[in-house]
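Here is what each chain is made of, one letter per residue.
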Amino acid sequence: MTPVARQELVLSGARALRRQVDRQNRWADLTLWTGAGILALLVLAAVLASVIAPDQPNTQHLTEGFLHPSTAHLFGTDAFGRDIFSRALYGLRVDLLLGIVATYVPLVIGMALGAIAGYYRGWRETVIMRITDVTIALPFIVLILAIVAIVGPGLTGVYIGEIAVSWALYARLTRAEMLVLREQQFIVAAEALGYSTPRIIFKHALPHLIRPNLVFSMADIVLNILVLASLSFLGVGVQPPTPELGAMIAEGGQYLLSAWWIATLPGLVLVVLGSGFSLVGDALADRFGRRLELPR
Amino acid sequence: MTTLEHSSGSPAKAEAHDAASTLELRGLTVAFPTRSGLAVAVNNVSLSVEPGHVTGIVGESGSGKTMICRAILGLVPRPGAILAGEILWRGRDLVSAQPSAMRRVRGSEIAMIFQDPSSALDPLFTIGDQITEPLRAHRGLSRSSAEKEAIELLGRVGIPSPRERINAYPHHLSGGMRQRAMIAIAISCKPELVLADEPTTSLDVTIQDQILGLLAELREEYGMSMVLVSHDLGVIAQNADSVAVMYSGSIVETAPTRQIFSATRHPYTAALIQALPSIHVEQPRRIPEPIPGQPPSLDDLPPGCPFAPRCRYVTDACQEVDMTRVTVGAGHDTACPFAETVMVPS
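Residue numbers (the working numbering), protein chains in the order written: chain C, 147 to 442; chain F, 350 to 695.
Worth flagging that the hints you see were computed from the coordinates, not collected in a lab.
Errors might be hidden in some of the hints.
[Said to hold, decoys possible] So, partial list: chain F residues that the calculated Cβ filter (under 7 Å) puts toward chain C: (1) Asp471; (2) Pro483; (3) Ile640.
Quick caveat, the model's predicted, so the values are computed rather than measured.
Cβ coordinates follow ideal geometry from the N, Cα and C atoms, glycine included.
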């Protein structure tokens, strides 16, 4: 083989490799931006609900019940003649807010507890991780149902319930990561420089623990929104007439055969919302080189 | 002070310090519980570091060199623990010191330089952040004065254009530059003792020489003592005032540096020196001799001298050796009671 031919072969190999890497990067970028686009659109719609919505969410027009989706009523109307599109927009607000609060408040609590357990070990770890185990061992929805039963039905109960339960997975994830991290040289180096333990945990270790938690939180938001929807569907979540996507699906369920749009279209919004978070979560997981999975 | 006439340190500065040694280890024993029993990583080690001097610790991987450094700072990794012994730092025992007192010693009185600067620097923070942090935490400097000092320190350790480099992340720097940054962090609070744990092992030979030169300069300038850990006898020969040779957790011989080469009094030290390639003109064809066998497992040490199974002078009496060191010269101790008879040809 002549030197020129050899060089050409190497170069073409390099080009093929570059194309492959580019393709992978483009695919990851596409996933991220599609997900982010969907989320941006939905968040904007929820924030601007009062501007976009053609009607008040709870105004009844009893003569205009069961109208098919049309230009006047994008998602049709329900049994009381309420505009489902307007109700879905306001419902989205409730779901998104709960999804974010019920994910990121537990994330902060869970990360702090997990970091303390993983760094100190000893009795602190035993206490924190046993409570975590108990919390995780009970079925999520049953535990929340119990808490809601104590606090009383409604959004407050759901907030308290979700926060009281979903910190546990973050605690477990963070502790596991901390066990690895604390043997890293730069953490030992920080100890050797005489920094206080809280400084080492919160300033030096936590920045390294955020990424896996952030990736997991994307899946968790969807989970938490679905729990609210399920609870509303079961009648212990958001109470009528407050619009919420899960509650709307529950109300529409009985008309599924005669007026499919009442349950289906709010359900579709929920699906799109969940897909948005999942796409972003997948893309972040790809970027950070981690699989998106529950820390069991 | 067991001063050594050949000492390359700075005797003038050393005499300014207290006559007692800065750091003294007495019978330090560190062990780890394992499934097959107790692994003794550091076995009854006594060692002293004179003010302003460099004490070298040399030995193979796993001989306990690093563990001594970590024990001095109270950072023995779990589940290991200091089982016995004292670590006297300026007359105070660090083994029994409160955690808060220990934190004041770390960084500001005793600092450590790690073997691999690429993993000892935090990848998420800039070099500037990492140098200003001890300055602000220990010396209470303001952000701007800490930054000014950080730039000075970076310049002092030989990092070009330090003003720009404080915004660099560790991955922006080469290995040698990272080790310089690591040194800048270690000396930032003007410690009296620096524990240099294989500071040049991860660097190539030319950089190694520069870093060792820098450490010597800084030591002179700041009047610091140093514990220099290395597996490289050559590094120790050029930089240490006295040497402790370690084998399987025990110190087998301590001596002033020149004497360890000229008047070796332990078979293991002799074997280590034999294993060095020689460039001396008088022995042009000497082939380095490897030491046969492997060091014993730390949780299953043979009775008596741990080096006995590999020792060329081994006798049955070696099983009775209790590794207490006997003095054979000025500042020269050996753990081999037979060295004088077997190693010195009469």
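Against the structure, the hints:
1. Asp471: Hint on F:Asp471: holds, closest Cβ of chain C at ~4 Å, below 7 Å.
2. Pro483: This interface hint holds because 5 Å falls under the 7 Å limit.
3. Ile640: Hint on F:Ile640: violated, closest Cβ of chain C at ~29 Å, above 7 Å.
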